[in-house]
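Student: For the protein sequence lines, the chains are A and B, in the order given. First residue of the first sequence: 57, per my numbering; consecutive thereafter. First residue of the second sequence: 3, per my numbering; consecutive thereafter.
Hint data in this document are derived by calculation from the structure and do not stem from the laboratory. There may be inaccurate statements among the hints.
Taking CB as the label site, the calculated pair distances span [what the hints assert, rightly or not]:
{"id": "1", "chain 1": "A", "residue 1": "57", "chain 2": "B", "residue 2": "18", "range": "26 to 34 angstroms"}
{"id": "2", "chain 1": "B", "residue 1": "227", "chain 2": "A", "residue 2": "59", "range": "39 to 47 angstroms"}
{"id": "3", "chain 1": "B", "residue 1": "158", "chain 2": "A", "residue 2": "364", "range": "54 to 62 angstroms"}
{"id": "4", "chain 1": "B", "residue 1": "227", "chain 2": "A", "residue 2": "399", "range": "49 to 57 angstroms"}
{"id": "5", "chain 1": "B", "residue 1": "18", "chain 2": "A", "residue 2": "81", "range": "19 to 27 angstroms"}
{"id": "6", "chain 1": "B", "residue 1": "20", "chain 2": "A", "residue 2": "399", "range": "39 to 47 angstroms"}
{"id": "7", "chain 1": "B", "residue 1": "257", "chain 2": "A", "residue 2": "99", "range": "54 to 62 angstroms"}
{"id": "8", "chain 1": "A", "residue 1": "399", "chain 2": "B", "residue 2": "182", "range": "34 to 42 angstroms"}
{"id": "9", "chain 1": "B", "residue 1": "183", "chain 2": "A", "residue 2": "282", "range": "53 to 61 angstroms"}
{"id": "10", "chain 1": "B", "residue 1": "153", "chain 2": "A", "residue 2": "70", "range": "33 to 41 angstroms"}
{"id": "11", "chain 1": "A", "residue 1": "364", "chain 2": "B", "residue 2": "199", "range": "19 to 27 angstroms"}
{"id": "12", "chain 1": "A", "residue 1": "70", "chain 2": "B", "residue 2": "89", "range": "28 to 36 angstroms"}
One-sided excerpt, in silico: chain A residues whose CB lies under 7 angstroms from chain B [claimed, not checked]:
{"id": "13", "residue": "67"}
{"id": "14", "residue": "74"}
{"id": "15", "residue": "75"}
{"id": "16", "residue": "100"}
{"id": "17", "residue": "104"}
{"id": "18", "residue": "105"}
All figures in this text were calculated on a predicted structure; none of them were measured in a lab. A virtual CB, placed ideally from N, CA and C, is assigned to each residue, including glycine.
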Amino acid sequence: MDYMLNEDLLAIKEICIEIGEKYILPIRAELDEENKFPRDIMDVIAQSDLFTIYIPEAYGGTEMGSMALAVATEELSRYCGGVAVSYAANALGAMPIILMGSEEQKKKYLPQLASGEKLCAFALTESEAGSDAGGVKTRAIKDGDHYILNGTKQWITNGGEAQIYTVIALTDPERGARGASAFIVEEGTPGFSYGKKEDKMGIRASATRELIFEDCRIPAENLISREGFGFMVAMKTLDNSRPGVAAQAVGIAQGALDEALKYAEQRKQFGVKINSFQGLQFMLADMGTQIEAARALTFAAAGLIDSGSKNFNKVSAMAKVFASDVAMKVTVDAVQILGGYGYMKEYPVEKMMRDAKITQIYEGTNQIQRSVIAKAMIKEAKRK
Amino acid sequence: MKFVVAVKQVPDTAEVRIDPERGTLIRDGVPSIMNPFDTYALEEAMKWRDELGGVVTVITMGPPQAESVLREAISMGADDAILISDRAFAGADTWATSHTLAAAVKELGDVDAVFFGKQAIDGDTAQTGPSVAASLDWPQITFIGKVRDLNKDSITAERYVETGTQVVQAELPVVLTILKDANVPRVPSLRGKMKSRKAQIPVWGLADLALTEDETGLNGSPTKVVVTATPEPRTGGQIHEGSTEELVAKLADLLLGEGSEA
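So here's chain B without its partners, still in its complex pose (with noise of 0.2 angstroms):
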């Protein structure tokens, strides 16, 4: 089986601040990581891998220092990864990232899944798993909990959705997007972090995918962040004191909009 995982370098947002002026996010010193639901894509590759045999390839878009989250991934058990990286790819939206993410995947040939994370940390849009599937024209299954079976042919997974579980089968090859219920990343073993240093990682920018400059990048990019705002900070309330009846009362008023102190 040849299956592609899809991996997002995100600054740490556990660490990140924002900058109250400007509205945007301060990121220098702000460590990189993998986004955190990635990890849950790659173990569930790697896992059905290790069931069936083959090979689980990384990929990510990114600039020359997201090649980190390539290593990472590598260590914890990938057998390859290619880094998409192009001056002419950046500035992306979800729709041209999704392009180009297409164009490696039908780079690499006879794919049988890409899997994603549910979403990214950063942007959490949750689109580019789906818009992927569309620009491959592939089947695709979306809030994986549960992986029930996977074979050469087809996919039988559970979507945890909001009214409940829902199972669906596709045939292959398909786009999947996981959760967290799926399973427990594995921890990078010592033989995976040797070969991860030493690991060939090749760069693929546009030269070598099926796209032309107008399909990917700033170019390529239907939406424009017009403004990032920061949400005013919430006050803090009223509290009351006094007897339950009291308050009964007080609460009676304020939300009938009599006696209102706000």
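Next comes chain A alone, as it looks inside the complex (with noise of 0.2 angstroms):
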């Protein structure tokens, strides 16, 4: 479907193909086996200024929006969910200062973060606090002009490869999740180090990373915000950033799709095209309504983000569950239509099946966001 989208973001569509046919194409499944993250891609993302586009023009962006990134994200993840998303949690870490940072903070770090030269990375999952985040237990406690950091924070995307992390931590437990406040941490600051990188099912190009803190001593300025303002950074932060994951899962089907149609165009059985068998027609009739349903509803909630609106976090949240459960479901009948061949890792559509799932868990599981939507939509329908 032709969205009529503008040239800017026709640009950043064309830039984002060329990456990924010259760049990401040659050696994603290696990336994938190994586990290896793709710093020489994210060299090449920051050299096209994909890294400016989610940073007002103040400091260094181009400050194209929700729906630019959203673009961006979904052209990467055809080619590789894994490096996408390496990409787009960069937007992620960038949020909180992006949203809620002080003019000194936004001075210092986002033209950093917009030329690609430092890479960004959220932090606020720990062992004990995934859906329910006001189960954090890392501590802020300050000292003078510091504060000073304990606790362990859980698979990070972009640990141990970013520079710049906004990490989420208590400075008073008494209060529970009202207590919680953002910090910015550096990397090399005393104190701070990486705990084990994970071995993951799929978006294995991606790093996930465990941050320990033991007596890490940050200056007090790095507070975001205020104090007992972090839970709210992170949800806010996590509502603009919901499309993101949308255009990713819707990324990830589209490349799925595209295999599914190639190989049912070559594959020939009983003497025929495979994609002259009804049975398979209406697989894939399926599959691309669903991606475009799914498209539909991601490029929605952008645009709503964009508009200015401050009621986005039920599309938002809708966008994300719709489209990641497509994806999972269009990978998985990517496979089906590829048969044995699907199965093989020869073929990029197991990764892709591996990849889609990680889609419908993060940045808040599919559960969760239904308990957001169904909440908001109650909510509504009282105001009424």
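Once you've looked at the hints, go ahead and assemble the two chains, each given alone in its own frame, into the complex.
Tutor: See below:
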């Protein structure tokens, strides 16, 4: 479907296709097999200005918004969900600073993130704080003009690869979620180290790692917003980033459908191309239809954010839920269409199926998203 | 530093088919692209500009629609571009083209180096770069696989030739032709694409260059294409079967011209 993307969005799409064809396609299987972070591809992405699109113009960005980020993430995800999330996680990491950071913090950090000179990551999850983000245990204790951080963050995307981290920690444990605060922590700060790198089912090109804080002293000016606002910073960040996960899911699904269509045109059984069989045609039709619906919802959510609306958390969650469920279903069907070949690593669809699964889990499981959606709907209904 | 990159718009030969009746290229509906070898020339010029400072100006000679390759070059990072276009330039062979490009380089003035791709994928002559050097009376280094050093006075480059690698030094100004071994062309950037959309691209015609009508276009071309023909397709050869002994005997017969089936 032609979305009549404007020239800027088309430019982003073209750049991503060029990066995908030239740099991602040739090595995606190797990155997956070897659990290898795509450092060189991040350099190309930086040079092509893709890190600028979500950063305000005043701080070295091109400020093109959520729609632009969705277009870029979808297009890169068509080639590799792992590479795409390594890119998009930078937007997630930068979002707390963009949304709630002080002028000084923006001036200091955003230009180096826009240029890609430094990579960024967002650190909320802990072993006992997943869907229940209020269960965070990492402490930040004020000590003069410093905070001292202690605790361990888990499953941090871009962990060990990024140089700048936005970290949620408790400044007042008595107050639970309302006692959480957001901080900027730079790589190399004494007391900040990396734990084990995870061995994942999918998106294996992306780095997922523990962050360990042991009496890590950071300057008090690295506090984002105010003490006690950490949970709000996290929730706002995630509301803004969910269309990005949705876009990733749409891209993975589209990549799988493209492979299925290509294969079904080449593969002959009983003397005819398998795409002439109605059973297979119905599968392809459903896959295509579901992807278009997911893309439409994703663009609607991104467009709503760009419009300046404050009320987008429901649609943002809907896009994430729907697109990620579509990605899972479409990639499973793509493997089915390729049959035995689809199950083999020689073909890319089994990887796409493994990559798709995480989109139903991270940045809020689909079950949590459904709760968010239902609560928003119930609240809306009461207002009427 | 002032670098010029000469690029050519060519049909994407991966998409071109040949009209078997007329022996000509079917260009209808075939996308036009920047000659792929020119992308290495552009990257090399930009690499040294990034290192030494200065500007990269891209030029092309062609019809008005050739402007699109200039915009593509700007999206990749070229600073500006000039389209050399005039009805009087039509039908130019490599000689007349080179004179015209050389006149444009002179018009730009103070150019330190002109970069070309090693050849264009449509004509495959590899003549235009060297011929521009001759027309300008500048030194030239062709088939560069690696530029070792470039500074305000001189260049040292490795030529990849059939017999090995030649290291050649030349004083500036110079004409260079670049191989694909030299670099990996960068991906266009978002800012580059935005800039390329807005860029004003001047068009230089005959009146803008120190050239007469007799020196350019069809009039200035000593060579003419007499006929373009497609080679006969190769036929399938012969396939023989049998034991090794039988086949060796058969092959020997064939090679000695006996028992030939052809």
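Student: Now look at each hint and say whether the structure bears it out.
Tutor: Hint by hint, here is what the structure shows:
1. 57/A x 18/B: 26 to 34 angstroms: 31 angstroms, holds
2. 227/B x 59/A: 39 to 47 angstroms: 46 angstroms, holds
3. 158/B x 364/A: 54 to 62 angstroms: At roughly 57 angstroms between Cβ atoms, residue 364/A and residue 158/B fall inside 54 to 62 angstroms, so the hint holds.
4. 227/B x 399/A: 49 to 57 angstroms: 55 angstroms, holds
5. 18/B x 81/A: 19 to 27 angstroms: At 24 angstroms between Cβs, range holds.
6. 20/B x 399/A: 39 to 47 angstroms: 42 angstroms, holds
7. 257/B x 99/A: 54 to 62 angstroms: 56 angstroms, holds
8. 399/A x 182/B: 34 to 42 angstroms: Given a distance of about 38 angstroms, which is inside 34 to 42 angstroms, the answer is holds.
9. 183/B x 282/A: 53 to 61 angstroms: Given about 57 angstroms between the Cβ atoms, the range holds.
10. 153/B x 70/A: 33 to 41 angstroms: 36 angstroms, holds
11. 364/A x 199/B: 19 to 27 angstroms: 26 angstroms, holds
12. 70/A x 89/B: 28 to 36 angstroms: At 33 angstroms between Cβs, range holds.
13. 67: 4 angstroms, holds
14. 74: 5 angstroms, holds
15. 75: 6 angstroms, holds
16. 100: 6 angstroms, holds
17. 104: Because about 5 angstroms separates residue 104/A from the closest Cβ in chain B, which is inside the 7 angstroms limit, the hint holds.
18. 105: Interface hint status for residue 105/A: holds (4 angstroms vs cutoff 7 angstroms).
Comparing the model with each numbered hint stated earlier shows that all of them hold.
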